[in-house]
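A.B. asks: Each chain is listed here by its residues.
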Amino acid sequence: MEYFELAIGCIFINNILLAQFLGNCPFLGTSKKMETAVGMSMAVVFVMVMAGIFTWTVDTYLLKGLGVEYLRTVSFILVIASLVQFVEMFLKKSIPGLYAGLGIFLPLITTNCAVMGACLLNISKEYSFMQALAASFFYAIGFGLALILFAGVRERINLARVPKALQDTSIGLVTAGMIALTFTAFKGMV
Amino acid sequence: MAQSLAKEFTKGLWAELPPFRLVLGLCPVLAVTKTVENGLGMGIATTFVLVFSNLLVSMLRNVIPTKVRIACYIVIIATFVTIVEFLAQAFAYPLFLALGIFIPLIVVNCIVLGRAEAFASKNTPVMAIADGLGIGIGFTLSLGAIGLVREFLGAGTITIWGGTPVFDMTSVFANFQPFGFMIEAPGAFVALGLMLAVMNLIPSK
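For the record, the sequence lines run as chains A and B. Residues in the first sequence are numbered consecutively from 1, following the working numbering. Residues in the second sequence are numbered consecutively from 191, following the working numbering.
So here's chain B without its partners, still in its complex pose (with noise of 0.2 Å):
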């Protein structure tokens, strides 16, 4: 039992990695990794979802009718994403602005979608956090690196929480000129692109 577990929760993190090896959920992705900051506040909340909708799913699996199963998900996906917009609103008004639409939008994020249907509606309660918990964990982090990328190279800075810079390359170098095609929108392609490849090289096992 723990050690499967264990499993669950591990797979999120390497083998199952969100945004890298199961290519899903990219618009969050691309749009809101600007800055290391909005990422990991994107992946934070998605976690969030992620985990409660996953439990939820997962305690009525014998109550709710297969035909209208994905009706009934989405009904509580919603609740929750609407439950961390109020959340991040109280809580963190900056980060709420900076994310815009894809608060809501992470209902139709299939990556929230996928688990409660491929995982959470047949498995224990237990399990399906574990799941989620992986699963969102490593999509935060996959997300909080993109932004790393993207923020060093585009702007020059670090940005982990709070809105200001961490590392400034200003601060080492006077003359720094960031490339700032990476903080545009086609940079978050191309930038995605690349560290898909890089991903490619390292075997998943």
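Here chain A stands alone, though its shape is the one from the complex (with noise of 0.2 Å):
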């Protein structure tokens, strides 16, 4: 049961690119395609998950240990970066079909503030590991969710006809702000 909660407030609720805006660039960067919008959502819920358990394992064991909680910053992104170019390495090694899929999305990941940001938001509210570990999964599976349905959404909007000032990304702005406004309607289901 709790982690059914943990599941509804971080897909629906906090949903981390239309609640605490979080990946925002990928986010109008890649949804123009369904293709690229999938790839994405992926590639993200593969180096999310990763990333949080060893952020955590990190922070709990090394960071608190040695009562350098300050490094937090650098270790973190120092260990997103080289967790994305292991992926990458492993990945073209031994799977190169999914190699093939998530292709260049995987070095853009490092820079994707909502993995950090996940990572953030973890050791913030203080979870647990197996907590970290849902959320992480939650978190992305909410990522993948709003960026596939603003793909959809924006691949119909190329067929419409746009005001010149509007158009690309402003309408995907305005766009995004709606898809936002139907997901607040799950405030307060948990």
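None of these hints come from the bench; they were simulated from the model. Don't take every hint at face value.
[Said to hold, decoys possible] Residues on chain A that point at chain B, a partial pick, calculated with CB under 10 Å:
| no. | residue |
| --- | --- |
| 1 | A7 |
| 2 | I8 |
| 3 | N24 |
| 4 | A100 |
| 5 | V115 |
| 6 | S128 |
| 7 | Q131 |
| 8 | L159 |
Don't be surprised by glycine CBs; every beta carbon is placed ideally from N, CA and C.
Given two chains presented individually in distinct reference frames, assemble the corresponding complex, making use of the accompanying hints.
C.D. replies: Dropping the structure here:
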């Protein structure tokens, strides 16, 4: 039950893209086509869960153990950057099919603030290991859900006649606002 | 020299104004602009990181090996972000609480890494400072402007510094009802989208 509440909270109420505003660059950048949106979502699920596990471990045993919490920012970004690099090398070598699918999205994830943001949120909410693992996964699912929904809407907008000044990013942001509005309907569920 | 220096400085203020012209670093733009105060505070923190990381990257541009440059830039940026975190905690504690995780997240702000990679790694330290300062001030003013629109429409107040509003609509119209949507999450997207549309109406050159 506790994990069910966590799931609803992370996917819908505190959706990482639409309520916490994390990861908006890839949200706008990779949502023009459904294919890229799906690829990015998969890459995020993969990396965010791994990053959640590693940063939680580093924070609990290394940083808190040694009493050097002020190195959190530096160590987290290094953990995430090297993790992405390793995942990329591993996939290239052992699962070429998945690597070809995720392709260019993997390196981009290093500077995706949703990943680092989710790790920092886990720490600031003082989650246990299992909670941090579950929360990272659910945040990533929420990211994918919002991104894929948005990509679907955006493909339709391409067919519509949009005023010149509003074209591209501008109408994209207004649309994102409307999707965010639908997500606020989940507020108060848990 | 002086002329090109001025050019690098002013391009950040209009031609390459960060959130509008280069659509980068949107997360803090959307998240912390509920009030003018938070927007300006975030802008100043980012400017600090931008100027010093640009300076250091530029000074070390002949030392850093090309293959590991991104990792080096990230460490340099993360160092200055940690310094900003401490400074904010010491001298602007309410702001530190209001900005929350968005201060450590300056590390992954595309603008900072983008300037290090695209400009500071190829130019002299003086030019890099001018570039960082220009982009940083442009970013600060943009955040302030978005904060102004959202706070004024959404809460009917304008708060520049210190938590007390300098202007309050209820003092002018006693029955004023703010348009609360604007300071909610969806309002951030809509406000930025519409402001971008207004900017698109004005030619960049």
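A.B. asks: Checked against the structure, which of the hints given earlier come out wrong?
C.D. replies: Hint check: 1, 2, 4, 6, 7 and 8 fail, others pass.
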